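K.L.:
Once you know that position 105 of the sequence shown is 111 in this note's numbering, the rest is easy, because the numbers rise by one and skip nothing.
For the record, the hints were derived by calculation from the structure and aren't laboratory data. Honestly, I wouldn't trust all of these hints.
[Said to hold, decoys possible] Estimated spans, in silico, between C-beta atoms of each pair:
#, residue 1, residue 2, range
1, E350, R237, 33 to 41 Å
2, L242, R76, 35 to 43 Å
3, R237, E25, 35 to 43 Å
4, D306, A381, 44 to 52 Å
5, R76, D306, 38 to 46 Å
6, L21, A153, 29 to 37 Å
In this text, all values refer to a predicted model and were calculated from it rather than measured experimentally. For every residue, glycine included, the Cβ atom is placed at its ideal position computed from N, Cα and C.
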Amino acid sequence: MLDALRTQVARSRALRFPELPDRVRATAYHSLLDWLGCAVAGSAEETTALARAALDPVAGTSAVIGSPARVGWRDAIVLNGVHGHALDFDDMLPEFQGHPSAAIFPALLVLGQERGSTVEEALAAYVAGVEIGVWVARQVMPEHYDAGWHGTGTMGVFAAAAGAAKLLDLDEDQWIAALDFAATQSAGIRALFGTPGKPLHAGKSAEAGALAARLAQAGAASHGQGLVAPRGYLALYSAGKTAPAEPLGYEWALEGMLYKAYASCYMTQSVVDGALELREQVGAERIDSVVVTVSPKLRDVCAIEDPRTGNEAKFSIHATTALGLLGWDLSAEATFSPSTLLDEDYRRLRERVFLEYDPALGGNEPRSRIRLQLASGRVLSVERDRGVPEADLPARGSALARKTTALAGDRLGPQALDALVSAAGDPTTPIARLCALATTVASTATMPQ
Numbered sequence: 007m008l009d010a011l012r013t014q015v016a017r018s019r020a021l022r023f024p025e026l027p028d029r030v031r032a033t034a035y036h037s038l039l040d041w042l043g044c045a046v047a048g049s050a051e052e053t054t055a056l057a058r059a060a061l062d063p064v065a066g067t068s069a070v071i072g073s074p075a076r077v078g079w080r081d082a083i084v085l086n087g088v089h090g091h092a093l094d095f096d097d098m099l100p101e102f103q104g105h106p107s108a109a110i111f112p113a114l115l116v117l118g119q120e121r122g123s124t125v126e127e128a129l130a131a132y133v134a135g136v137e138i139g140v141w142v143a144r145q146v147m148p149e150h151y152d153a154g155w156h157g158t159g160t161m162g163v164f165a166a167a168a169g170a171a172k173l174l175d176l177d178e179d180q181w182i183a184a185l186d187f188a189a190t191q192s193a194g195i196r197a198l199f200g201t202p203g204k205p206l207h208a209g210k211s212a213e214a215g216a217l218a219a220r221l222a223q224a225g226a227a228s229h230g231q232g233l234v235a236p237r238g239y240l241a242l243y244s245a246g247k248t249a250p251a252e253p254l255g256y257e258w259a260l261e262g263m264l265y266k267a268y269a270s271c272y273m274t275q276s277v278v279d280g281a282l283e284l285r286e287q288v289g290a291e292r293i294d295s296v297v298v299t300v301s302p303k304l305r306d307v308c309a310i311e312d313p314r315t316g317n318e319a320k321f322s323i324h325a326t327t328a329l330g331l332l333g334w335d336l337s338a339e340a341t342f343s344p345s346t347l348l349d350e351d352y353r354r355l356r357e358r359v360f361l362e363y364d365p366a367l368g369g370n371e372p373r374s375r376i377r378l379q380l381a382s383g384r385v386l387s388v389e390r391d392r393g394v395p396e397a398d399l400p401a402r403g404s405a406l407a408r409k410t411t412a413l414a415g416d417r418l419g420p421q422a423l424d425a426l427v428s429a430a431g432d433p434t435t436p437i438a439r440l441c442a443l444a445t446t447v448a449s450t451a452t453m454p455q
């Protein structure tokens, strides 16, 4: 197993961004743009205010996205991780069973500022981080996730460590040591979905990964035992898995990345698609019942029947289905507010939403079916699948640019936002410049406390 790990490390160390396939380079840029928009918008959330209050960060030189504050490097990484995942609107990679960008970019932006790195160097490190994170995930998933672990926290630390190792130009032995030190810090449980603990997974995995790489850079040695030894991470966290999962067929794992159209759990995305489509067919008729059929795996992922908070509603097929059928804008964070959950029309319809679980959908969790029974006796149904990456790269890029504008426009202002989008797409942009643009908060924006 150590030889297999070294082979993967050698491949990731050697990659050069200009030599990667067009689709991989475009996806890396799309992920950066998507994460920046989410982090800028997330900086204004209550969850991030709580994280700042708890950390009580010391003054320093590292940028905090969406804020003019400059703090110590570790605090900045944690805060940027929390900011980027606070809305739960960031990208998702099925093999990773989580959100790799939320764990990798916070580390790369802080380290990149220190080193004078460029966007191209950071994106090369990002691709390397995703590759290593997915390699580890294939050794333990899906059993690891099914046991209750959250990939953003547990796989994210390996992805962040590898990305940091690439950016810091560590040698192969240092990479192995960094991954060992990442292994002993891996954490994150799904039981905290719908709470401020979930975005903390992103912040802590990013910080732990960066620390692991810096520890290896400083000369601390380890030789793979933390990850691949008989009592190492893979043995302890694989939940009985006996063979690695087969790759999905992509040359680079990043090619499987999926992006959200709605500010809710990825496994609700196809449900919202279907609900919005059916809404056009329902017209003024009364809905008697709604049956949503999904994978049994979603029973403890996004099946909160009566969400009490906006965060819980993001993990509720019942809530997102009802909101979609009623025509609410689920791409707007304001939809997931306490007042929405008190709306009488919403509450009546949500109580008519029922879940069914089809084992045939196991392994295809982004797919769903909806069946409406109308008071007239009419039955409407639709099936949607959000598990296939967008093939049209220009269309995806345009959609993500619009999403970033909607998320970050008010907070940054139009001039700074345009400059940020342009800088993120220029491989020669210094990371320090990118961070400066992402922290140029408009005078009309509410400042983080």
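K.L.:
Each hint: holds or not?
P.N.:
Hint check results:
Against the hinted window of 33 to 41 Å, the Cβ-Cβ separation of E350 and R237 comes to about 56 Å, which falls outside the hint. Judged by the Cβ atoms, the range 35 to 43 Å given for L242 and R76 holds: they are separated by roughly 39 Å. At about 39 Å, the CB distance of R237 to E25 agrees with the hint of 35 to 43 Å. In this structure the hint that D306 and A381 lie 44 to 52 Å apart at CB is violated, the actual value being about 33 Å.
For the pair R76 and D306, the supplied restraint of 38 to 46 Å holds, since their beta-carbon distance comes to about 40 Å. A C-beta distance of roughly 32 Å is found between L21 and A153, which places it inside the suggested range of 29 to 37 Å.
Checked against the numbered hints above, the structure breaks hints 1 and 4 and satisfies the rest.
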